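Assemble the complex: chain A is given as a structure, and chain B must be docked to it using the hints.
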Amino acid sequence: MMNIFLAELADPNVSIPLVLPEMLLAVTGILVMIYESVRPGRRRVTGTISMAGLILSAVALFWIWSTPGQQLSAFGGMIVADSLRMSFTAVFLLVSALTILVSTVWVEREDVHAGEYHTLLLFATVGMMFMASGNDLVIIFLGLETLSIATYVMAGLRRRDLRSNESAMKYFILGSYASGFLLYGMALVYGATGTTNITQIALNAETAQFPALLLVGAAMLVIGFGFKVATVPFHIWTPDVYEGAPSPVTGFMAAGPKAAGFASFLRVFVLGFPLVVGVQASEFLHDSWITALTVMAILTMTVGNIAAIVQNNVKRMLAYSSIAHAGYAMVGFVGAGVAKTATGRDDAIAAVAFYMLTYAVTNLGAFAIVTLVARKNDRRTEFEDYNGIGFRSPVLAFSLSLFMLSLLGLPLTAGFIGKVLVFRPALEAGTSLMVILVVIAVINTAISAYYYLRLIVVMFFRERTEEWSEPRISTALAAVLAITIIGVFYFGIFGNNVIEMFSKYPVDVQMR
Amino acid sequence: MDFINQYLLTILILIPTIGAVAIIAHQVFWKDESHLKWLTLGVTLLNFVLSLLLLGGAQASANGFSFEQNSPWIPAIGSNYHIGVDGLSLWLVLLTTFIMPIAVISTWHAIEKRPLAFYAFMLVLESAMIGVFVSLDLLVFYLFFEASLVPMFFLIGIWGGKQRIYAAVKFFIYTALGSLLMLVAIIALYYLHLQATGTGTFDYVTLLGSISSGSLAFGGASAYTGTLLFLAFALAFSIKVPLFPFHTWLPDAHTEAPTAGSVILAAILLKMGTYGIMRFNFTLFPEASREMAWIFIILAIIGIIYGALVAMVQPDVKRLVAYSSVAHMGFVVLGMFSFTEQGMQGALYTMLAHGVTTGALFLLVGFIYERRHTREISEYGGLSNVMPIYATVFVITAMASVGLPFLNGFVGEFLIMLGMWSSTILPGSWNQIATMAAGTGVIFAAVYLLWMIQRVFFGKLTNEKNMSLSDLSLREIGIMAPLLFFMVFMGVYPKPILDSSKPSVVEIQRIVSGGTKGGTVTELNIDGPEGR
Numbered sequence: 001m002m003n004i005f006l007a008e009l010a011d012p013n014v015s016i017p018l019v020l021p022e023m024l025l026a027v028t029g030i031l032v033m034i035y036e037s038v039r040p041g042r043r044r045v046t047g048t049i050s051m052a053g054l055i056l057s058a059v060a061l062f063w064i065w066s067t068p069g070q071q072l073s074a075f076g077g078m079i080v081a082d083s084l085r086m087s088f089t090a091v092f093l094l095v096s097a098l099t100i101l102v103s104t105v106w107v108e109r110e111d112v113h114a115g116e117y118h119t120l121l122l123f124a125t126v127g128m129m130f131m132a133s134g135n136d137l138v139i140i141f142l143g144l145e146t147l148s149i150a151t152y153v154m155a156g157l158r159r160r161d162l163r164s165n166e167s168a169m170k171y172f173i174l175g176s177y178a179s180g181f182l183l184y185g186m187a188l189v190y191g192a193t194g195t196t197n198i199t200q201i202a203l204n205a206e207t208a209q210f211p212a213l214l215l216v217g218a219a220m221l222v223i224g225f226g227f228k229v230a231t232v233p234f235h236i237w238t239p240d241v242y243e244g245a246p247s248p249v250t251g252f253m254a255a256g257p258k259a260a261g262f263a264s265f266l267r268v269f270v271l272g273f274p275l276v277v278g279v280q281a282s283e284f285l286h287d288s289w290i291t292a293l294t295v296m297a298i299l300t301m302t303v304g305n306i307a308a309i310v311q312n313n314v315k316r317m318l319a320y321s322s323i324a325h326a327g328y329a330m331v332g333f334v335g336a337g338v339a340k341t342a343t344g345r346d347d348a349i350a351a352v353a354f355y356m357l358t359y360a361v362t363n364l365g366a367f368a369i370v371t372l373v374a375r376k377n378d379r380r381t382e383f384e385d386y387n388g389i390g391f392r393s394p395v396l397a398f399s400l401s402l403f404m405l406s407l408l409g410l411p412l413t414a415g416f417i418g419k420v421l422v423f424r425p426a427l428e429a430g431t432s433l434m435v436i437l438v439v440i441a442v443i444n445t446a447i448s449a450y451y452y453l454r455l456i457v458v459m460f461f462r463e464r465t466e467e468w469s470e471p472r473i474s475t476a477l478a479a480v481l482a483i484t485i486i487g488v489f490y491f492g493i494f495g496n497n498v499i500e501m502f503s504k505y506p507v508d509v510q511m512r
Numbered sequence: 001m002d003f004i005n006q007y008l009l010t011i012l013i014l015i016p017t018i019g020a021v022a023i024i025a026h027q028v029f030w031k032d033e034s035h036l037k038w039l040t041l042g043v044t045l046l047n048f049v050l051s052l053l054l055l056g057g058a059q060a061s062a063n064g065f066s067f068e069q070n071s072p073w074i075p076a077i078g079s080n081y082h083i084g085v086d087g088l089s090l091w092l093v094l095l096t097t098f099i100m101p102i103a104v105i106s107t108w109h110a111i112e113k114r115p116l117a118f119y120a121f122m123l124v125l126e127s128a129m130i131g132v133f134v135s136l137d138l139l140v141f142y143l144f145f146e147a148s149l150v151p152m153f154f155l156i157g158i159w160g161g162k163q164r165i166y167a168a169v170k171f172f173i174y175t176a177l178g179s180l181l182m183l184v185a186i187i188a189l190y191y192l193h194l195q196a197t198g199t200g201t202f203d204y205v206t207l208l209g210s211i212s213s214g215s216l217a218f219g220g221a222s223a224y225t226g227t228l229l230f231l232a233f234a235l236a237f238s239i240k241v242p243l244f245p246f247h248t249w250l251p252d253a254h255t256e257a258p259t260a261g262s263v264i265l266a267a268i269l270l271k272m273g274t275y276g277i278m279r280f281n282f283t284l285f286p287e288a289s290r291e292m293a294w295i296f297i298i299l300a301i302i303g304i305i306y307g308a309l310v311a312m313v314q315p316d317v318k319r320l321v322a323y324s325s326v327a328h329m330g331f332v333v334l335g336m337f338s339f340t341e342q343g344m345q346g347a348l349y350t351m352l353a354h355g356v357t358t359g360a361l362f363l364l365v366g367f368i369y370e371r372r373h374t375r376e377i378s379e380y381g382g383l384s385n386v387m388p389i390y391a392t393v394f395v396i397t398a399m400a401s402v403g404l405p406f407l408n409g410f411v412g413e414f415l416i417m418l419g420m421w422s423s424t425i426l427p428g429s430w431n432q433i434a435t436m437a438a439g440t441g442v443i444f445a446a447v448y449l450l451w452m453i454q455r456v457f458f459g460k461l462t463n464e465k466n467m468s469l470s471d472l473s474l475r476e477i478g479i480m481a482p483l484l485f486f487m488v489f490m491g492v493y494p495k496p497i498l499d500s501s502k503p504s505v506v507e508i509q510r511i512v513s514g515g516t517k518g519g520t521v522t523e524l525n526i527d528g529p530e531g532r
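First to last, the protein sequences are chains A and B.
Letter by letter, the first sequence follows residues 1 to 512 of the numbering used here.
Letter by letter, the second sequence follows residues 1 to 532 of the numbering used here.
Chain A on its own, in the form it takes in the complex (with noise of 0.2 Å):
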């Protein structure tokens, strides 16, 4: 008997370092939930338990990423280790622990039962994870599952205000709807090529029976994909939801699902269903979903930044902007399938993932402040309740504008270097629809320049008409500020060790 499990041990499929991350991860997750049953109501303690596990996770993380001669991949191929999971996992992990940084003041005015707050985070960052992860459709579909379960209770926290309880039953609605699509595609893929291995994927689907049946599966992987990214015409749930849910809660949906979606969506795209030339069906698949993506990217930075232009409520633009931002971010991922080399790919690759990090690290220093204004209830987010405060509370109002700066992509910020990094591999690739990608693009990139700046112009050009008590900033909150405001600076002057190390591992999968 003993022998058995020695076997299987043995076995080099099985690498318990491969997924230390996640399983510290979950265990943290089912310590907290455990903790909260025995001794309910203590944030902090639940909240120093979860931000232990993160670092620990993180830890791990980075152990594997810079220990050389890593086994790269595990468990059948279902788990690999390569620069797209690593640097995709690395930003969930700082997604999460922001995440319950900047909750620490909204749990506090609201009282929220912190521990189950704790825990759903957690398990949520463990889905994201497994996204970026795995490697089979499978894997991703729970992890994916795993997220979507946590996130749509995160969106009612606020149980008792409508507008959350609207957001959540809105998110699970249409959230099933959504993953419905992409199991029904994962199933049509796997008939096609008879695998969930997207690695094998590729390969059968040179000699795919049925090119067909594989062309459906992946149109209905590009709505379930679709419809988690926010991208246009998939987004309609996005401002309703965001608007809705706890402000912290819509910084960690609009930087982390969002990223995750793209670590699949990316995985099972890219490199599930390459270019091979010569092959008629792949060739023929190939062309379709660029072309379809190109039309989401042009649409999704379009639409969103229209929409956000006439918008009078904070949380909504910031809502209607992060649909804009998975816009720019699909430009990168256009790339990336367009691209000529395995380097040209991975570098695209690692583009999108360094893009998520960045517009993560803005988005979640925005939304600390948003929570903070906000008061109580998330009354206070309209546009009008941020006139006139630029020189009342200076600290906040020139961070908020950094930010603000830094959506909008300006140089020595994180978002400058950002957008160059995605829009990189498209121009690259030369042809004039990519050409005009970018172009397409960058003019979005100057409207968007209108909504963004509202909030500057409305901060230090109006006049504030009524009180003002500047919100007290918690310790918690001024680590998120510091935190956000470095990063913003650092990756925008800084960042070539972070690209850097996000091309460390490239892709274990060779262009045909």
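No lab work stands behind these hints: they were computed from the structure.
All figures in this text were calculated on a predicted structure; none of them were measured in a lab.
In this text, a Cβ means the ideal position worked out from N, Cα and C, and glycines have one as well.
Among the hints, a few may not be true.
What the hints assert, rightly or not - Each computed EDC-like pair below joins lysine to aspartate or glutamate, with the alpha-carbon atoms no more than 16 Å apart:
{"#": "1", "chain 1": "B", "residue 1": "162", "chain 2": "A", "residue 2": "463"}
{"#": "2", "chain 1": "B", "residue 1": "162", "chain 2": "B", "residue 2": "316"}
{"#": "3", "chain 1": "B", "residue 1": "113", "chain 2": "A", "residue 2": "463"}
{"#": "4", "chain 1": "A", "residue 1": "340", "chain 2": "A", "residue 2": "287"}
{"#": "5", "chain 1": "B", "residue 1": "465", "chain 2": "B", "residue 2": "379"}
{"#": "6", "chain 1": "B", "residue 1": "113", "chain 2": "B", "residue 2": "33"}
Stated by the list, open to error - Listed next, with one range per pair, are the computed distances between beta-carbon atoms:
{"#": "7", "chain 1": "B", "residue 1": "373", "chain 2": "A", "residue 2": "111", "range": "48 to 56 Å"}
{"#": "8", "chain 1": "B", "residue 1": "199", "chain 2": "A", "residue 2": "479", "range": "41 to 49 Å"}
{"#": "9", "chain 1": "B", "residue 1": "30", "chain 2": "A", "residue 2": "23", "range": "48 to 56 Å"}
{"#": "10", "chain 1": "B", "residue 1": "33", "chain 2": "A", "residue 2": "467", "range": "23 to 31 Å"}
{"#": "11", "chain 1": "B", "residue 1": "14", "chain 2": "A", "residue 2": "504", "range": "27 to 35 Å"}
{"#": "12", "chain 1": "B", "residue 1": "477", "chain 2": "A", "residue 2": "479", "range": "48 to 56 Å"}
{"#": "13", "chain 1": "B", "residue 1": "52", "chain 2": "A", "residue 2": "479", "range": "40 to 48 Å"}
{"#": "14", "chain 1": "A", "residue 1": "310", "chain 2": "B", "residue 2": "52", "range": "48 to 56 Å"}
{"#": "15", "chain 1": "A", "residue 1": "479", "chain 2": "B", "residue 2": "30", "range": "26 to 34 Å"}
{"#": "16", "chain 1": "B", "residue 1": "26", "chain 2": "A", "residue 2": "59", "range": "35 to 43 Å"}
Chain B alone, transformed into the frame defined by chain A:
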């Protein structure tokens, strides 16, 4: 001293920003707003003095740039922190460091609201502007080009006039749209260089080398690409200049900005556009430049005449000066696109002269605005009776702007017209026709400025509110003195500037005109005051 010489440009860029941090720190710890302007003035003066070291000049390296510094910035993107000056950028850097202290003194009593933020933004702006003129890496150039927008946006938005929000947002979005398309062109250049030579680069000197050696060419089959890239760069710069029809942001921004903001905007920010065209468009895309020249010449002439005509009917003095900028910058563009040495030297000279003169005009408008809080011409009349010194200074400055001989405006405009006359860029006698059309602009300039002077300064003192106006204070005379000095000095002795800019301008002229000398004027040997 070696250290300073080696890193002089970086020091010039950093000092204002460090100064900004210092005044913020000062305010946080001492909470005394009265020191701020002194500290800011000290920082800008220090920067001016240090910038004079550029004149002493180290030897230029083989590529024509001195005080070079080149170190990797983001290798993963392929961008280096590469800076340096040549005869073209040197004078624009000096103009920047010269105007800044003057702009700071002009705010002495004018800025009562939020002085800390005001001075901090001024200093950051100076850093960005110097950075624009010295960057030799396209991405770094773009970085500074965009970075200069933000402080100006705040300066207009917080300390501006009634329509300030509209003006600030318009200014920002106009300029941002143009420069973003330039960013696309910059990244595209990187990949074109990658395809052509095997290494991608943003480095201006490397790109230039590849273009002149022919390994990266925009002729023949890729002419279309070259034209598109040229247009992307040109759009960014044309908006900044601003060239007609992209000028509509300028009157609003100028009129609404606080005096110091208008001065910086007119004297320095506009020059970024013309500098960019000369530095990047001409040398990177010479074929496209020649091909497109006629469009720019026509737009420049429209700008000259339109700017002058619109200036003529302005009821607001500041708006009048703003429109006169459109006309003057039209001259600069015209001179550049003549592709002759005279024209391009004249363009550079006019850039500097316009910086001094129009800066001075905005200051003068600011002086009277501080006293009366109106800029309507109809509110004034007969001011020379109560403010004789002010009237004298104003008339001299206006004359310099009109282009009276022995004042600085004349030299540049004369060279530009000479260059355009002898140019061969347009077919047949169109070059001469273009020159004559532009020449009418000089006449119009005399009309709108003299008419304005007549209505404001001469005649009877009719408005009671003007009876008790005080003449210029010592501080105000002190601000104007160096400007007046340079108006006269640059007018009678242009040789030092023209001589030092000549090698660089001639080199750009050689590249853009495809290796041939442009006009026939070189035989007349008119390149300095002796020639006249």
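TODO: Please work out if residue 162/B and residue 463/A have their alpha carbons no farther apart than 16 Å.
DONE: With a Cα-Cα distance of about 13 Å, the restraint between residue 162/B and residue 463/A holds, given a limit of 16 Å.
TODO: Indicate whether the distance between the beta carbons of residue 52/B and residue 479/A respects the range 40 to 48 Å.
DONE: Since residue 52/B and residue 479/A have Cβ atoms about 46 Å apart, the given range 40 to 48 Å holds.
Open item on the list: Check the hint pairing residue 340/A with residue 287/A against an upper bound of 16 Å on the C-alpha distance.
Closed with: The given pair, whose Cα atoms are some 14 Å apart, holds under the 16 Å limit.
TODO: Could you see if the CB distance from residue 373/B to residue 111/A stays within 48 to 56 Å?
DONE: Holds, since residue 373/B and residue 111/A (Cβ atoms, about 54 Å apart) stay within the stated range.
Open item on the list: Taking the Cβ atom of residue 477/B and the Cβ atom of residue 479/A, is their distance within the range 48 to 56 Å?
Closed with: About 53 Å separates the Cβ atoms of residue 477/B and residue 479/A, which means 48 to 56 Å holds.
Open item on the list: Is 27 to 35 Å respected by the C-beta to C-beta distance linking residue 14/B and residue 504/A?
Closed with: The hint (27 to 35 Å, Cβ to Cβ) holds, given that residue 14/B and residue 504/A are roughly 33 Å apart.
- [ ] Mind checking the hinted window 48 to 56 Å against the Cβ distance between residue 310/A and residue 52/B?
- [x] Given range 48 to 56 Å: holds, Cβ gap about 52 Å.
Task: Pair hint outcome, residue 113/B versus residue 33/B [Cα-Cα no greater than 16 Å] - done: 11 Å, holds
Open item on the list: Looking only at beta-carbon atoms, does the pair residue 33/B, residue 467/A fall within the given range of 23 to 31 Å?
Closed with: Holds: the Cβ-Cβ distance is about 25 Å, inside 23 to 31 Å.
Task: Agreement of residue 113/B and residue 463/A with the hint, judged by alpha carbon distance not exceeding 16 Å - done: 12 Å, holds
Task: Holds or violated: residue 162/B to residue 316/B, with C-alpha atoms at most 16 Å apart - done: 14 Å, holds
Open item on the list: For the hint 26 to 34 Å, verify it against the beta carbon of residue 479/A and that of residue 30/B.
Closed with: 28 Å, holds
The earlier numbered hints are all upheld by this structure, with none contradicted.
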